[in-house]
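Peer 1: Build out the structure end to end from the sequences listed, making use of the hints.
There are 2 protein chains.
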Amino acid sequence: MGKQMTEMLKGTLEGIVLALLALGPAYGYEITARLRDQGFADIAEGTVYALLVRIEQRGLVDVEKVPSEKGPPRKVFTLNARGREALDEFWSSWGFLADRLAHLKEGQ
Amino acid sequence: MGKQMTEMLKGTLEGIVLALLALGPAYGYEITARLRDQGFADIAEGTVYALLVRIEQRGLVDVEKVPSEKGPPRKVFTLNARGREALDEFWSSWGFLADRLAHLKEGQ
DNA sequence: ACCGGTACATAGTAACGCTGAATAGTGGAT
DNA sequence: ATCCACTATTCAGCGTTACTATGTACCGGT
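These protein sequence lines are chains H and Y, in that order.
Take the first sequence: its letters are residues 238 to 345, numbered as in the numbering used here.
Take the second sequence: its letters are residues 238 to 345, numbered as in the numbering used here.
Hints listed in this document are in silico derivations from the structure and should not be mistaken for laboratory results.
The structure presented is a predicted model; accordingly, all values stated were derived computationally and were not measured.
Every residue gets a Cβ at the ideal spot worked out from N, C-alpha and C, and that includes glycine.
A few of these clues could be false.
Here's a subset of chain H near chain Y, in silico, CB distances under 10 Å, partners left out [stated by the list, open to error]: (1) 270; (2) 275; (3) 290; (4) 292; (5) 294; (6) 323; (7) 336; (8) 337; (9) 339; (10) 340.
Peer 2: Following this line, the structure appears as structure tokens:
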């Protein structure tokens, strides 16, 4: 992936994943697949798993182990109240930034 | 500043500064002031100067020392052709990301 | 027995913005 | 004369994040 996008994803990738989880519970492998569908083709699996560990440790998600028919057991993540709060804060920060940049792009 | 915004600025702050320089040449101290005017109230001076060093080393700006009436000489930065190219790439990456996130915010 | 798809995990690295401080010149207030 | 505020730049050390590369493990089809 471009270095530019790599840097730009810092901080936003977490928000993106929280937003995906707001649509419904999901497990890591599934999230990487959804990211690919969303156009983030080159996000490494390892990146997603590391991110999920972080948001779990910060208590933004509830975790459940669910057996899979075709592989090791899945770790299903569900956004909880604190996670929804974090997602709201993310949208707020993002909104500010997007607003500023839209303003700048207009040529002032 | 919020940790969230700190992380989100990674990658975008450079684009913001390039966009400011696209409006006309400026020196470091002036850029931090413009950022404040634009609403980025809490961006550290040291951050801006470090960023300017980076974009100078990457050849995105031309630099000129200009004496100041009220202090040490100013380093005036002017966006050059490579800088405008980098700015275009930034807007392209930003556009992609903003588009994806707008899509996500709609609830899918 | 092997290979590909599913599923999770981690050690090491690079990049970036922040904190805090140092340096240095000018002008006005006390 | 001295102190303070404003102008202007620079640097060392830190924390966070995403990437690379690799390893583990389970399953079904050939």
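Peer 1: Next, verify each hint and record whether it holds.
Peer 2: A quick look at each hint next to the structure:
1. 270: 15 Å, violated
2. 275: At 6 Å from the nearest chain Y Cβ, residue 275(H) passes the 10 Å test, so the hint holds.
3. 290: With a closest approach of 17 Å, the residue 290(H) hint is violated.
4. 292: 13 Å, violated
5. 294: Where the cut-off is 10 Å and the nearest Cβ of chain Y is about 15 Å from residue 294(H), the hint is violated.
6. 323: 9 Å, holds
7. 336: 8 Å, holds
8. 337: Since chain Y brings a Cβ to about 6 Å from residue 337(H), closer than 10 Å, the hint holds.
9. 339: 8 Å, holds
10. 340: 7 Å, holds
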